[in-house]
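Number of protein chains: 4
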Amino acid sequence: MRLEKEQIEQHNSKLAAKHKRAFDFISEDIPQVESIINKLQQFQIAIPSWALGTGGTRFGRFSGKGEPGNLEQKIEDVGLLHALNRSSGAISLHIPWDIPKDAEQTKALADSFGLQFDAVNSNTFQDQAEQELSYKYGSLHHVDPKVRKQAVQHNIDVINHGIALGSKALTVWLADGSSFPGQLNFREAFQNTLESLKEIYAHLPEDWKLFVEYKAFEPYFYSMTIGDWGQSLLLASKLGPKAYTLVDLGHHLPNANIEQIVSLLLMEGKLGGFHFNDSKYADDDLTAGSIKPYQLFLIFNELVEGMDARGMDHATGLGWMIDASHNLKDPLVDLLQSVEAIMIAYAQALLVDRNALKEAQRNNDIVKAQQILQDTFRTDLRAVVAEARLRDGAALDPIGLFNELAVRDQLIKERGNNTVATGL
Amino acid sequence: MRLEKEQIEQHNSKLAAKHKRAFDFISEDIPQVESIINKLQQFQIAIPSWALGTGGTRFGRFSGKGEPGNLEQKIEDVGLLHALNRSSGAISLHIPWDIPKDAEQTKALADSFGLQFDAVNSNTFQDQAEQELSYKYGSLHHVDPKVRKQAVQHNIDVINHGIALGSKALTVWLADGSSFPGQLNFREAFQNTLESLKEIYAHLPEDWKLFVEYKAFEPYFYSMTIGDWGQSLLLASKLGPKAYTLVDLGHHLPNANIEQIVSLLLMEGKLGGFHFNDSKYADDDLTAGSIKPYQLFLIFNELVEGMDARGMDHATGLGWMIDASHNLKDPLVDLLQSVEAIMIAYAQALLVDRNALKEAQRNNDIVKAQQILQDTFRTDLRAVVAEARLRDGAALDPIGLFNELAVRDQLIKERGNNTVATGL
Amino acid sequence: MRLEKEQIEQHNSKLAAKHKRAFDFISEDIPQVESIINKLQQFQIAIPSWALGTGGTRFGRFSGKGEPGNLEQKIEDVGLLHALNRSSGAISLHIPWDIPKDAEQTKALADSFGLQFDAVNSNTFQDQAEQELSYKYGSLHHVDPKVRKQAVQHNIDVINHGIALGSKALTVWLADGSSFPGQLNFREAFQNTLESLKEIYAHLPEDWKLFVEYKAFEPYFYSMTIGDWGQSLLLASKLGPKAYTLVDLGHHLPNANIEQIVSLLLMEGKLGGFHFNDSKYADDDLTAGSIKPYQLFLIFNELVEGMDARGMDHATGLGWMIDASHNLKDPLVDLLQSVEAIMIAYAQALLVDRNALKEAQRNNDIVKAQQILQDTFRTDLRAVVAEARLRDGAALDPIGLFNELAVRDQLIKERGNNTVATGL
Amino acid sequence: MRLEKEQIEQHNSKLAAKHKRAFDFISEDIPQVESIINKLQQFQIAIPSWALGTGGTRFGRFSGKGEPGNLEQKIEDVGLLHALNRSSGAISLHIPWDIPKDAEQTKALADSFGLQFDAVNSNTFQDQAEQELSYKYGSLHHVDPKVRKQAVQHNIDVINHGIALGSKALTVWLADGSSFPGQLNFREAFQNTLESLKEIYAHLPEDWKLFVEYKAFEPYFYSMTIGDWGQSLLLASKLGPKAYTLVDLGHHLPNANIEQIVSLLLMEGKLGGFHFNDSKYADDDLTAGSIKPYQLFLIFNELVEGMDARGMDHATGLGWMIDASHNLKDPLVDLLQSVEAIMIAYAQALLVDRNALKEAQRNNDIVKAQQILQDTFRTDLRAVVAEARLRDGAALDPIGLFNELAVRDQLIKERGNNTVATGL
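Chains A, B, C and D supply the protein sequences, listed in that same order.
In terms of the UniProt record's numbering, the first sequence opens at residue 1 and continues consecutively.
In terms of the UniProt record's numbering, the second sequence opens at residue 1 and continues consecutively.
In terms of the UniProt record's numbering, the third sequence opens at residue 1 and continues consecutively.
In terms of the UniProt record's numbering, the fourth sequence opens at residue 1 and continues consecutively.
Hints are computed from structural coordinates only; laboratory data are not their basis.
Predicted, not measured: the structure shown is a model, and the values here were computed from it.
Careful, some of the hints might be misleading.
Intra- or inter-copy, both count: the list cannot distinguish identical chains.
[Stated by the list, open to error] Only pairs whose alpha carbons sit at most 27 Å apart, straight line, appear in this in silico DSSO-like list of lysine-lysine: (1) Lys149 - Lys101; (2) Lys198 - Lys5; (3) Lys358 - Lys149; (4) Lys198 - Lys238; (5) Lys149 - Lys65.
With these hints in hand, go ahead and build the complete structure from the sequences.
This is the structure:
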């Protein structure tokens, strides 16, 4: 299924007057509105291929319908999202679930939707049918060098798939950990991981990045071998200039100050990318901004400030990706909600009066500093984000149009009731 | 597979001298040792049928071998455990996974292993193939009365299965909750749950108990409709004298003082039962006592004190059950470790000098109170627990004997490599 | 110091045009804007007398200047706040710090600022110079009946002071708890507390309420005798119809769903009042809405929904109070920021389309339910809150006017550099 | 007050038979018992000068009696502890609270009790009376270079005091942080801290160490500028070989795996020292081992393993210090309980069968690994720790003797009821 230009235009024309009123109002208050819109238009958030199907918990999964049954349909799904919001112009693949049969054909298909291939992701947290050795006790950190070698080779394969598709980064999320005291020698597990990553790093093309993700717990419940940003940074530093830390919002201990971590990683030149989602308790993988929207804004506030301080391009300086699980809501709609929340947070961060904030900080004027951030956050920028979409030919109300066109129903018609997407 | 009396005796005779030395030493320090042994012998911990297979997380499952493929084999597994430690004399079934084809035959089989049927458990957190309406948005709390009715009927069916097997309690763990603000009207969800439970309660035989379990989060990530002990107690109080709260150690927010909750529920006459496991981060479902053994002791300390204050029989006054998930270790060995940890904690709680503690509390002598508990906890009672096993004809070293006899290998021979147990 | 009507009018006239533009824009979108403004005008948040001075931590206190040195100056401070925002029309006193020498004179002074006396607060978490017995090991829960009696008598004295001033409620925040396992018998501590509260309750005038506050930890670090809403509700239920639970936002374990607690307490008719603040880690007592503004909105969403369902008057149905600690910011400005955040959250909760939300919930349309709440939260209602102030004769920009008039400088001139307020 | 040799001997002779029975029993099971005793005898835990008085919370302090009123009396107190257990042979001073008037005399006094001077501690979290600039908004991270300079100079002064007393390390616990989003530019705060620490580092004698402590929160409630081990390690690495991370058990987010942190810091050669205490919720500063004794053992397990792997001397390789707050118990008795818990955990860690554990890890035999650690932890080594004391001329039962001799009563007689120790 592909959205027609006319469908979008028709939708937009109905909402045009209402939008114009709101946009005109807010524009008048924001001298730099054009610059913000410009940046919003350039900002693209990659959609992970595994988020297009219904997710579940260890207690079960309540499947949806019309889910994409193969890589082509996944690309089609992201194409739909991108047509609706023009902010989802990339897809992040998961190997071995998304191995393209014909890379050129796959690229052409993606290209027809205006999509790029973002970071490729390896999987050593599950055993595959044809796999020789098990990852039950870990992969890159494993005590057995043969298992490590197998896992290294898998990552090299993933890089090769990525090269064929035009990806420029490998994301390594390592589930390796332990569930009981005594199970691991922490140091050896760390050293094994480092050695394995070095081998993978050696196969990285010149213009690629290696993203080292960390996670506090789950699927192991006593220790994770790359458990926090400190451990990830240590590894990335030892690996070299192409290695970076990747931050997933749900991968922290309770109450962690993620925005400070982001700031310090940028300071060290070692922040590589981002996985957006939201959570209340653990790695809940909920819609971005659905639980703690102010935190999302504060993180973007640090991102914008820190990237500007280093002269980084917002759109390309870091890898931006959603990593959520859609257990209850239609995955496509859920993703539209996530992208919307991210764009609003980014727009608000762009609106922050940096000079005034710096001045307040210089004077320890905490009241003023708080006011600057809160007043910005309280400013309703939905019309600005919508305007960026409008100018790009996307829908003023992506979810509204999704519903009007009964997109899911049509996908069910095309794909059937019982298709199940690979994924989490 | 059944253990022979001679196998156990032979095993015990090899360890007899070492055991006698340790037991004699500790007995001399404990005047009431015979009373403690007596209570340990009476204390039985039910094994849940779903814990006999390898568990997993949402990221996957690394299956084991020789797992029980049907109810009979599950009973056989618990029979093996009970033969090894004589402390696992009950099995807790999960419906619909464990519906007996012929209840009388099933009872006879269990009886041949010396096993009783503990609380039966209903399942409304997953959809079954033949099920008419989905539990995706909950069951007993559902906005749709037809879904509630279906879930109520399922619980009534479970009661009926339990009656046929001689169970005396129904455990309702309700996964019902929400993952996003706005999804639920909390009050209506609570009221619907109450009405549904009332209907179930009405079908409860006179001598049965209804256990209302609570859980802070997972599988829903914003709210759980029975989320803490306060909500469970509210429901149990409104339901009537046969309704009780069930405490699962892993179902709390970080840092919760579970022993205080236990004490207050006992005070109210509303503590019904216990699910043992251990955890560091969330509902990790690890081996009992593997992470916080002192907490396990402190909980037993409150249980013993509180049950004695009400004149309750330790063995029968509450429902005792393990509820753990065995993702990495052999489930049977893991269960042996859990039972051992529970028995040690119980033995230590029996050893606490109640009068001295009360005296210290009366004098606000905190140093003394702490010393009493810590000195008891530091006392090595493994030989006392072993003595209780010895007298009951169980193994001095259950895991040692499990390994000596290569029990799992034999089960694999009997059942094959690829059997997979239903369960979590 | 008293603000003159002209000072405010002059301030408002400068901002009038800007305000009008924003208010006109938003009013057009909100048919019920007049009803919302009306409710905002009626809504008053009590200021605690102990929040008017600089707070500290156990590591120290960095005092401010010009702090109120006596009860009269505290009333004057709240009078200033109320003149600035017309939303702080009550003061909550702390005994023994604020014992009025002459109740009639004190009432007259408060009256001259348009202030009422909200709930009075007792203090049994510190020893006073003249006190006979120590509260080191607790007060109402103490093992020694003489200590309990002393603490009961103190609470009765507090009630009597409150009667003289026209208060209608007593708030009991009980620091009683324990820091080490074994220190307390939880049941006896609870029973002692209940008996003590019964005696206090017996002295409560007919038209008074007793607020039973709970707190998870601090100043004790193992258990708190009234540690969560379940324990508070249990006490309030046993005490009788005049006893209620009071919720302080900072008094929970990490990740607690406070809005659900609020909803259930309202359902039970047992929610009595609220202490507003914000926190990231513990009972941080930060400015309301400064860390988790969306949570504040969600709580108000439940409050409005639940009070409406019971036909309660928003302004008088519950006790509304700030309970924050101002360690770094000027207490008066900090309080203005808290009140502003509370009013915005309340306004947004009033704006939620209840029928649409109920409809979405009825259909399990989670996307829609989330959208309703988030769209409301993203709507900028600052101009509506400002309009309510404007109509009441308060300042369009209270903090702006506070700064323009250099209020603190003038207070320093009047009171001196080294005055220190009693309090936390 | 000084304990006489005869008092201890008399006490020990009464307990000799009981002790001998327990020690003989356990020794028979432990071939390496002499080596363990030897290491226990060498192991000394420094007592912080600020822990000798009653501590408090922001809600107040319930003072004790007979507290040390000056540095000499603090040394006397530690001398008493050391006489009782011969494991507290060092004192850690806090400047400016403990500035010696005459360093030589102070050293001689300490020497007469067999005490060394451990790390000296600076204080920039409070303002002192004579201080020019305030630390309200931080010290080493302050935006104002003049404040930073003042704080640097204070640390240099502390080093100089330490040199005079024979200390070999400076502990910098930096309270610097922020309580509100926007208050700080995280990067600049970090860079300012680094620059300040560099100046301090430059004044460090050749044979000194600089300990960089971290803390997750409190006294600031949004961010701490040195908030976790990652930030501390980053600073220590940039500073140079004399800079190390110091771990305080209470300074982590909920559920942190501290033993893993310890292991990795040792791996990096950057673990400098330890502050022992225990906690359930936050930085509760409770008696070591009073809440999570198994965690304390697991930490020592990593310390012993990691130090042995680097060939470090256990007694001198790291700085060992208690950092607890004694709000309820007699500080001296509380410290005796802490030291006892630490020595037991250390003894158990020494008992772990390293080869068997390594073998189990190599085979992914998780059951065995868990058993090795738990069996060791369940082994009662109190008699071994007591034997180490006995051989050193200390008391078999230090708290028993403290009570027999009514030490506190005698101190009250000497010092009076109302002395108050400086400290936390």
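Results for each hint:
Proximity of Lys149 to Lys101 under the C-alpha cut-off of 27 Å is restricted to the intra-copy arrangement: shortest distance 25 Å within a copy versus 49 Å between copies. In the homo-oligomer, the alpha carbons of Lys198 and Lys5 never lie at most 27 Å apart, since the shortest distance is 47 Å inside one protomer and 56 Å across protomers. In this assembly of identical chains, the alpha carbons of Lys358 and Lys149 lie at most 27 Å apart only when taken from different copies (22 Å versus 50 Å within one copy). In the homo-oligomer, the alpha carbons of Lys198 and Lys238 lie at most 27 Å apart both inside one protomer (9 Å) and across protomers (23 Å), since each shortest distance falls under that limit.
Taking the shortest Cα distances, Lys149 and Lys65 sit within 27 Å of each other only across copies (25 Å), while inside one copy they are farther apart (39 Å).
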